[in-house]
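If you're matching them up, the sequences are chains E and U in order. 29 is the number that the numbering used here gives to position 29 of the first sequence; each next residue is one higher, with no gaps. 4 is the number that the numbering used here gives to position 4 of the second sequence; each next residue is one higher, with no gaps.
If a hint is listed, it holds; no wrong ones were tucked in.
In the EDC-like style, the derived pairs of lysine to aspartate or glutamate whose C-alpha atoms are separated by at most 16 angstroms in a straight line are:
no., chain 1, residue 1, chain 2, residue 2
1, U, K335, E, D36
2, U, K260, U, E324
3, U, K212, U, D294
4, U, K487, U, D557
5, U, K191, U, E445
6, E, K110, U, E421
Keep in mind the hints are simulated off the structure, nothing from the lab.
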Amino acid sequence: MKAAVLVFPGINRERDMARTLRLTSGREPAMVWHADTELPPGTDLVVIPGGFSYGDYLRCGAIAARAPIMDAVRAYADKGGLVLAVCNGFQIACEAGMLPGVLMRNSRLKFICRDIFLKVERSDTPFTRGYNAGQVIRVPTAHGEGNYAADAETIARLEGEGRVIFRYVAPDGSRNAAYNVNGSTNSIAGIINERGNVLGLMPHPENHVEAAIGPTDGRGLFAGLVDHLAKAA
Amino acid sequence: MIRNEPRITPELIAEHGLKPDEYERILKLIGREPSLTELGIFSAMWNEHCSYKSSKVHLRTLPTKRPWVIQGPGENAGVIDIGDGLACVFKMESHNHPSYIEPYQGAATGVGGILRDVFTMGARPIACLNALSFGSPSHPKTRHLVSGVVAGIGGYGNSFGVPTVGGSVRFHARYDGNCLVNAMAVGIARKDQIFYAAASGVGMPMVYLGSKTGRDGIHGATMASAEFGEDSEEKRPTVQVGDPFSEKLLLEACLEIMQKGCVIAIQDMGAAGLTCSAVEMGAKGDLGVTLDLDKVPCREEGMSAYEMMLSESQERMLMVLKPEKEKEAESIFRKWGLDFAVVGETTPTKRFIVRHGGDVMADLPIKELGDQAPEYKRPFVSAAKPEELDAENVPAPIGTIEALEKLLGTPDLCSKRWVWEQYDHVILGNTVQRPGGDAAVVRIEDGPKGLALTTDVAPRYCEADPFEGGKQAVAECWRNLTAVGAKPLAITDNLNFGNPERPEIMGQFVGCIRGIAEACKALEFPVVSGNVSLYNETNGRAILPTPSIGGVGLIDDFRKSATLAFKRAGETILLVGETTGWLGQSLYLREICGREEGAPPPVDLTEERENGDFVRALILDGTATAAHDLADGGLLVAVAEMAMASGIGAELSAAPSDIPAHAHWFGEDQARYLVTVPASKVEAVLARARAANVPVWTIGTTGSDALTLSGERPILVTILRESFEGWLPVYMASEL
Numbered sequence: 001m002k003a004a005v006l007v008f009p010g011i012n013r014e015r016d017m018a019r020t021l022r023l024t025s026g027r028e029p030a031m032v033w034h035a036d037t038e039l040p041p042g043t044d045l046v047v048i049p050g051g052f053s054y055g056d057y058l059r060c061g062a063i064a065a066r067a068p069i070m071d072a073v074r075a076y077a078d079k080g081g082l083v084l085a086v087c088n089g090f091q092i093a094c095e096a097g098m099l100p101g102v103l104m105r106n107s108r109l110k111f112i113c114r115d116i117f118l119k120v121e122r123s124d125t126p127f128t129r130g131y132n133a134g135q136v137i138r139v140p141t142a143h144g145e146g147n148y149a150a151d152a153e154t155i156a157r158l159e160g161e162g163r164v165i166f167r168y169v170a171p172d173g174s175r176n177a178a179y180n181v182n183g184s185t186n187s188i189a190g191i192i193n194e195r196g197n198v199l200g201l202m203p204h205p206e207n208h209v210e211a212a213i214g215p216t217d218g219r220g221l222f223a224g225l226v227d228h229l230a231k232a233a
Numbered sequence: 001m002i003r004n005e006p007r008i009t010p011e012l013i014a015e016h017g018l019k020p021d022e023y024e025r026i027l028k029l030i031g032r033e034p035s036l037t038e039l040g041i042f043s044a045m046w047n048e049h050c051s052y053k054s055s056k057v058h059l060r061t062l063p064t065k066r067p068w069v070i071q072g073p074g075e076n077a078g079v080i081d082i083g084d085g086l087a088c089v090f091k092m093e094s095h096n097h098p099s100y101i102e103p104y105q106g107a108a109t110g111v112g113g114i115l116r117d118v119f120t121m122g123a124r125p126i127a128c129l130n131a132l133s134f135g136s137p138s139h140p141k142t143r144h145l146v147s148g149v150v151a152g153i154g155g156y157g158n159s160f161g162v163p164t165v166g167g168s169v170r171f172h173a174r175y176d177g178n179c180l181v182n183a184m185a186v187g188i189a190r191k192d193q194i195f196y197a198a199a200s201g202v203g204m205p206m207v208y209l210g211s212k213t214g215r216d217g218i219h220g221a222t223m224a225s226a227e228f229g230e231d232s233e234e235k236r237p238t239v240q241v242g243d244p245f246s247e248k249l250l251l252e253a254c255l256e257i258m259q260k261g262c263v264i265a266i267q268d269m270g271a272a273g274l275t276c277s278a279v280e281m282g283a284k285g286d287l288g289v290t291l292d293l294d295k296v297p298c299r300e301e302g303m304s305a306y307e308m309m310l311s312e313s314q315e316r317m318l319m320v321l322k323p324e325k326e327k328e329a330e331s332i333f334r335k336w337g338l339d340f341a342v343v344g345e346t347t348p349t350k351r352f353i354v355r356h357g358g359d360v361m362a363d364l365p366i367k368e369l370g371d372q373a374p375e376y377k378r379p380f381v382s383a384a385k386p387e388e389l390d391a392e393n394v395p396a397p398i399g400t401i402e403a404l405e406k407l408l409g410t411p412d413l414c415s416k417r418w419v420w421e422q423y424d425h426v427i428l429g430n431t432v433q434r435p436g437g438d439a440a441v442v443r444i445e446d447g448p449k450g451l452a453l454t455t456d457v458a459p460r461y462c463e464a465d466p467f468e469g470g471k472q473a474v475a476e477c478w479r480n481l482t483a484v485g486a487k488p489l490a491i492t493d494n495l496n497f498g499n500p501e502r503p504e505i506m507g508q509f510v511g512c513i514r515g516i517a518e519a520c521k522a523l524e525f526p527v528v529s530g531n532v533s534l535y536n537e538t539n540g541r542a543i544l545p546t547p548s549i550g551g552v553g554l555i556d557d558f559r560k561s562a563t564l565a566f567k568r569a570g571e572t573i574l575l576v577g578e579t580t581g582w583l584g585q586s587l588y589l590r591e592i593c594g595r596e597e598g599a600p601p602p603v604d605l606t607e608e609r610e611n612g613d614f615v616r617a618l619i620l621d622g623t624a625t626a627a628h629d630l631a632d633g634g635l636l637v638a639v640a641e642m643a644m645a646s647g648i649g650a651e652l653s654a655a656p657s658d659i660p661a662h663a664h665w666f667g668e669d670q671a672r673y674l675v676t677v678p679a680s681k682v683e684a685v686l687a688r689a690r691a692a693n694v695p696v697w698t699i700g701t702t703g704s705d706a707l708t709l710s711g712e713r714p715i716l717v718t719i720l721r722e723s724f725e726g727w728l729p730v731y732m733a734s735e736l
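Build the full structure now, drawing on both the sequences and the hints.
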């Protein structure tokens, strides 16, 4: 796996992501500066990590979505390249038009850092092949604006096309408003684009990969990607 | 010639927080009337906040040296050796006055300031903690302050990208007019790459870095050196505005130029901004400094020298760079989109000269401004020690289980989840033990070493007996680090008190310092950094004396650290340390009996050490499966906390016949821990305890889903949890 992690000013989970990519793929990712205009040759995974790009000023992700590197990322995705967009990365991907919808203030209007439970809706994507469909995983969230919203038509399309990949659920896998941590429409935590090569999600699987530190439920996502890319090569 | 406009009047002097005798001293020092800019500079340097003029003489008595201390108090932060060529850099600092006036920005810039102190020394911040004190929950302002302060701490730390892993929150009516916001930051540096403030070399360029200077925070440090009256709201313009985004850029840029070897000396612009940083760098290096304010990047037009020198705009640094590396440093700062300007130089004169628009606006002796500022030996009186309260004379108004349920739902003992869930405590991927335990544990780089971190103080003990209270704050900090298996290494102290010009307040201060010093000495737990916040009083009513202690401990393998949760049913619960049933100043006495009286529990430092060393050994050799220190609320509260953390209940044997039951369960005797061990190991542990002269008793067994006391009705752990988790969210969501 030749991963490239984008670094915008104010991004702050790039080191967490880089470590996880190293631990799961055995290979150090390239860190790509926002002002660059090209991805490193041979990149087979672009990661837009979490943080507060440009201080979340104006609107979360809005300024980063217009950074020079994003043209290259869009072109890469248009050719089918894999893009993993986590937290602020998800917000940036939405602002960049790579994924539909927006992420609004959490319904309780507060930043929330908490382990939550996600149901993996599909296992037949490059991002989720390390899980079983219907599996419930425990990963942390840490965001103030993760309340996913889109117009009714978009939501219906996402649901109809099976593009909701992760959903906030109770530990037993049931849909329950009390476990919808930020008030997202249909408890949506992660979605994929039409082509199936761009995944955006709010929680942080990269923070749950080491047994010595805590749960390891996030590992499946990265292990799946490594496996997918190895088979594709 | 320096222009003297406007004329310096007694009113102007008083407005600058300078006393008449201090003004006399200025006249004698410079042999003429100061300019307004000079008066501002003196006010900024000689206020209590920057000069420590009331406290310095006492602070010198604190033990600050042990072989592992690399840098003690006096720099931006303390530095200790943690092995493997690494150093831990840490400090705690208050932002009390600003947080009361404008809670969000006050708390946010408190976090920003302490983070800057740590990365100024070359360390990458790895964790933040805090210690918060608020007024009575029934006070109309409390909810607003809690909400704003917590949001501000989270807003800054989350965006900056450092986990906030621990802290403490308390409520008491004595904080109604002055909340306390003490923020602690911890960073890791290479031992051979620590950066200091002392400038060296004559004619070296002084470089201004970071954000632009605006009119915010002017007189912030002076404001923080006075008590509040009815007009505290009007002081809002003295509060700075934080920009964590700029600070994150500043961090990355600073670490990058440090790594490239560009930096000779560095000082962040915190309290009293450009004035304090330039004076400290010069004074510490025995050099003069000349500043050219025309070169200072400004956010607003037409700023006067006075305003520029006193601005507390955030996210700024002053550095002395190696001249040959100046271009390289500049290109790094430009890459991060930050300002970079040569604003002055070092001189051989020991004068602090400020030029603006072609005029000399200030020309002052730098040593007297800085490290030779005035010092006071303020008069103090020590209050009489309160009498010990005999538990036999404290009737139990309600039953034991009812009292437990009630205590767990009181503001001081309840879960602070509502607070710490607003802090990102998992970022960086190294948080081994999250908030809610005795101490947070954070992995160092890729491990296996870990740091244990905590903040502690029991202000009610300090109020009743400053000496014992000071001792207890250090001992409890040491105990919390020990309870996760760490070896306690050093502390930072954040001393919050009232008006030091009142002898009884000064008496509290002196008493607490003596207690802290004694405990630090006995526990080999030196003070390496700290901060003093005085004048925390409103209309003559002072806060409870609150010397917050932030502690750092080291564990060689973080995977061996202990947590407080019971691990499995059928294990034996052991109580380590003597129980006498000490109810004086206990939370039981205050919350259940409505009495705040008596002497606080005495701290026997020899026992602390013996009991603590015993518990740590049990943790590290894998014998203890869970460990928890006993503090606020006493024995039964501690058992309940271990049960709630796990969902596993316990069956406890009856209180001994020679102690009233409520005193046994809720007394706050010190130097105590609870540990669980597998039943098969109990005999061996008791034998070890006898050999080590450590008192240990078996008090029960883990199991079931309820807490069962001999002779009392069992109570489900889930019911306890409801009480524990319920109070704070309900309080914060409810209307006045």
